[in-house]
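Peer 1: Listed below, chain by chain, are the residues.
Number of protein chains: 2
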Amino acid sequence: MSTPSVPPTPGTVYVIPPRSGAAFPVSKGQRLTVIDPCGSQVSDLLAFNLHDTNEVISSGRTLDYASRIFLTTPDPLYSNRSNVLLRIVADTVGTHDFLLTPCSKDTFRIIYGDTEPHRGCFGNLAAALEPFGVEEDRIPVAFNCFMNVPIDAATGELKVLPPKSKAGDHISFVAEMDLVVALTACSALQSNGGSFKPIHYRVDGTPQITNELE
Amino acid sequence: MSTPSVPPTPGTVYVIPPRSGAAFPVSKGQRLTVIDPCGSQVSDLLAFNLHDTNEVISSGRTLDYASRIFLTTPDPLYSNRSNVLLRIVADTVGTHDFLLTPCSKDTFRIIYGDTEPHRGCFGNLAAALEPFGVEEDRIPVAFNCFMNVPIDAATGELKVLPPKSKAGDHISFVAEMDLVVALTACSALQSNGGSFKPIHYRVDGTPQITNELE
Numbered sequence: 001m002s003t004p005s006v007p008p009t010p011g012t013v014y015v016i017p018p019r020s021g022a023a024f025p026v027s028k029g030q031r032l033t034v035i036d037p038c039g040s041q042v043s044d045l046l047a048f049n050l051h052d053t054n055e056v057i058s059s060g061r062t063l064d065y066a067s068r069i070f071l072t073t074p075d076p077l078y079s080n081r082s083n084v085l086l087r088i089v090a091d092t093v094g095t096h097d098f099l100l101t102p103c104s105k106d107t108f109r110i111i112y113g114d115t116e117p118h119r120g121c122f123g124n125l126a127a128a129l130e131p132f133g134v135e136e137d138r139i140p141v142a143f144n145c146f147m148n149v150p151i152d153a154a155t156g157e158l159k160v161l162p163p164k165s166k167a168g169d170h171i172s173f174v175a176e177m178d179l180v181v182a183l184t185a186c187s188a189l190q191s192n193g194g195s196f197k198p199i200h201y202r203v204d205g206t207p208q209i210t211n212e213l214e
Numbered sequence: 001m002s003t004p005s006v007p008p009t010p011g012t013v014y015v016i017p018p019r020s021g022a023a024f025p026v027s028k029g030q031r032l033t034v035i036d037p038c039g040s041q042v043s044d045l046l047a048f049n050l051h052d053t054n055e056v057i058s059s060g061r062t063l064d065y066a067s068r069i070f071l072t073t074p075d076p077l078y079s080n081r082s083n084v085l086l087r088i089v090a091d092t093v094g095t096h097d098f099l100l101t102p103c104s105k106d107t108f109r110i111i112y113g114d115t116e117p118h119r120g121c122f123g124n125l126a127a128a129l130e131p132f133g134v135e136e137d138r139i140p141v142a143f144n145c146f147m148n149v150p151i152d153a154a155t156g157e158l159k160v161l162p163p164k165s166k167a168g169d170h171i172s173f174v175a176e177m178d179l180v181v182a183l184t185a186c187s188a189l190q191s192n193g194g195s196f197k198p199i200h201y202r203v204d205g206t207p208q209i210t211n212e213l214e
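Protein sequences appear in the order of chains A and B.
Counting from 1, one number per residue, gives the positions in the first sequence under the UniProt record's numbering.
Counting from 1, one number per residue, gives the positions in the second sequence under the UniProt record's numbering.
Honestly, the hints are just simulated from the structure, not real lab data.
Do not rely on the hints blindly, as some may be mistaken.
[Unchecked claim] So, partial list: chain A residues that the calculated Cβ filter (under 7 Å) puts toward chain B: (1) R61; (2) V89; (3) V93; (4) I110; (5) G113.
The structure presented is a predicted model; accordingly, all values stated were derived computationally and were not measured.
Ideal Cβ positions, reconstructed from N, Cα and C, are used throughout, including at glycine.
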């Protein structure tokens, strides 16, 4: 099924095609599952308070409260206002990144040297979030599901290695408030083991909200 | 001399008292030096495009382009729009943090268990930036001068240890565009080796801009 701008139908698996993105409401109490159907594919995740999109996922708050840069069950993901947006409730991979911003035209220009760069996850997120009133300057560091970014503790050097996820691996979150969630099938070759694959997602549980845009 | 809201007088050393903050314009081409006068004191640094404060320092862009989480000379600090805001041109310490958000009331509530928490660097930055039209929800991960946050590469665990800075140590930046810079003398005990000390700063070079607020 193609991507909705209305709340996803519970239990339905939605497809994000390679190098694209989607945004949708998730009600407090619902469970969001992000699935890597083919393996070795990253999905950038953003979350905003549905009722006030000035409240947004914050890597800095989350890592500070966790005292850890690698997150998994049962870690909470905090907002810039120190409220819990999402809580990780299942994780078959255990390796995700929360340091790097979504790949963008500038990423492809600066890191890859592309002359006609793809808009990347950044552009895909901006387009998907535009109907929810989120401007692209508000896109922060994403929680990058399945992204494999080891750190050298002595030098601080980071590497972007192929994801450890295998076909069918997934990570699930419970929403702790009504949210706009945005997801991508990541557009950067290095992040995805050299090829572009889709991402699947599913929302379970009864939606408490209707689309405020309608 | 007390903290200005107009451009700092070149060559003058300004004092940020313990647990407080300041914000001021810095012209393209000027050099900003942040000094730890007593040793073992952190200063959170934020930078915004003076002419459009929607453009703001970005840890995620900077770390991605550097492929490193520990920055020093001659690393550039990028904005959310992938422009260089500042370039590190001198650094007598070499250990700074760019992962964690400024300490806040919530930090003291969640990590320290304080019942009447201080407003922290976050509150100090918000107050200092308010005259420049920056709302507190726009405060991102800061470049935390002298903050010592080692990472365990295997587990991702991070520790907040006393800064390595000694009395008189400093870090200098050249502005690559006209900026609003905000600085603090950090308010969190753990970050500052257990005591609260001032921060000094100095701007050198001819100001090209006048205070747009006047």
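Peer 1: Hint validation: V93(A) versus chain B, beta carbon distance must be below 7 Å. Holds or violated?
Peer 2: Violated. Min distance 14 Å.
Peer 1: Hey, does the R61(A) contact hint survive, CB to chain B under 7 Å?
Peer 2: Holds, about 5 Å.
Peer 1: Mind checking the CB of G113(A) against every CB in chain B and telling me if the closest is under 7 Å?
Peer 2: Because about 13 Å separates G113(A) from the closest Cβ in chain B, which is outside the 7 Å limit, the hint is violated.
Peer 1: Quick check on I110(A) please, does its C-beta sit within 7 Å of some C-beta on chain B?
Peer 2: Hint holds; I110(A) Cβ to chain B Cβ min 6 Å, cut 7 Å.
Peer 1: Grab the minimum C-beta distance from V89(A) to chain B and call the hint holds if it beats 7 Å, violated otherwise.
Peer 2: 19 Å, violated
In summary, the numbered hints that this structure violates are 2, 3 and 5.
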